[in-house]
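Novice: Sequence:
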Amino acid sequence: MKLVTGGNGFIGSNITGDIKLTRKDCDLTDYESVLESLKKYKPETVIHTAAKHGSAIEMLRGHTEYIENNILCDINIIKGCKEIGVKNLLMLSTITSFGSHHQSPLTEESIYGEVNESIFGYAYSKKICAGLCKSYQLDYGLNYKSIYLGNTYGPHGKFNENGTVVHNLIYKFCKAIEENQNVRLYGNGKVFRNYLYVEDLDKILKLIIENKDIKDPLIVSPNVVVSIIDIVNIIKEKLNFKNEVIFDSNIQIGSNVKVVDNKKLIDSIGHFEFTDINTGIEKTINYYKK
Numbered sequence: 098m099k100l101v102t103g104g105n106g107f108i109g110s111n112i113t114g115d116i117k118l119t120r121k122d123c124d125l126t127d128y129e130s131v132l133e134s135l136k137k138y139k140p141e142t143v144i145h146t147a148a149k150h151g152s153a154i155e156m157l158r159g160h161t162e163y164i165e166n167n168i169l170c171d172i173n174i175i176k177g178c179k180e181i182g183v184k185n186l187l188m189l190s191t192i193t194s195f196g197s198h199h200q201s202p203l204t205e206e207s208i209y210g211e212v213n214e215s216i217f218g219y220a221y222s223k224k225i226c227a228g229l230c231k232s233y234q235l236d237y238g239l240n241y242k243s244i245y246l247g248n249t250y251g252p253h254g255k256f257n258e259n260g261t262v263v264h265n266l267i268y269k270f271c272k273a274i275e276e277n278q279n280v281r282l283y284g285n286g287k288v289f290r291n292y293l294y295v296e297d298l299d300k301i302l303k304l305i306i307e308n309k310d311i312k313d314p315l316i317v318s319p320n321v322v323v324s325i326i327d328i329v330n331i332i333k334e335k336l337n338f339k340n341e342v343i344f345d346s347n348i349q350i351g352s353n354v355k356v357v358d359n360k361k362l363i364d365s366i367g368h369f370e371f372t373d374i375n376t377g378i379e380k381t382i383n384y385y386k387k
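Going left to right, the sequence shown walks through residues 98 to 387 as my numbering numbers them.
Simulated from the structure, these hints should not be mistaken for laboratory data. Don't take every hint at face value.
What the hints assert, rightly or not - Quick list of in silico lysine-lysine cross-link-like pairs, DSBU-like style, CA-CA up to 35 Å:
(1) K117 with K179
(2) K117 with K309
(3) K309 with K121
(4) K121 with K231
(5) K300 with K312
Take these sequences, add in the hints, and give me the full structure.
Specialist: Listed below in structure tokens is the structure:
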């Protein structure tokens, strides 16, 4: 039995599970509610995807709300899993939480250190995953692991102004086409990241669950480096966008370069054929437009 928290969220919707736990089913900020749900379903494996998240602009505000909500949910989940004897727990986090002082490419050692202040609350709230899992491994010998994702995109994303990068850009361009407008974007487009197609994530998590010898923390991401300009050009081509794209370099959010080294992942699971960014964006556009 595999239970997925955040079952109707972006990541949770794309992860295979027997039970998809949603906010209607369980209040993750309430330990008794968490314990009740875990006792009801008695899962062998839990994949914890639920988190308060938003766009870079949205995360500029409400740092306290992000950090309080996410840490409380994480503590309740890991504590409840231990209480009822869950054998496997994967707590999904993000490389956003990695120290901003580290030079790219980032490795699992980069978890520690200060984060970018513009996303302080969210980043610090997700940094706690590694500490929680390590503590439960040391104290109780449990197979609870922290998994750090690159910038994930694909079906079921939030296609609006508060969506993450790829979803937000697809939304902006589709809206601009409908209204025959130009597209205005923050920054200069020279922000470099790795992008993970969400269906690849589901396949990799299955491999991690099957191999209990895999050590965490673990970065799950391709190591291909992609810029915002690259994504913009792919979307323009797929949508046949003819109007102007205007970059507002007066507003820059986050680090210019935050890319990863996925050597530990590949050493752990073997060769994996990631979906290339061109194909992934095409599939995501097709999902949004259907």
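Novice: Just to be careful, I want the Cα atoms of K117 and K179 compared with a cutoff of 35 Å; is the pair within it?
Specialist: Judged against 35 Å, a Cα distance of about 20 Å means the pair holds.
Novice: Are the Cα positions of K121 and K231 separated by 35 Å at most?
Specialist: holds, 30 Å
Novice: For the pair supplied as a hint, K117 and K309, confirm whether the alpha-carbon distance does not exceed 35 Å.
Specialist: holds, 23 Å
Novice: Taken at face value, is the distance from the CA of K121 to the CA of K309 at most 35 Å?
Specialist: Given that 35 Å is the threshold and the Cα spacing comes to 32 Å, the pair holds.
Novice: Is the hinted pair K300 and K312 satisfied, with a Cα-Cα distance of at most 35 Å?
Specialist: This hinted pair holds, its Cα atoms lying about 18 Å apart.
Hint violations for this structure: none, all hints satisfied.
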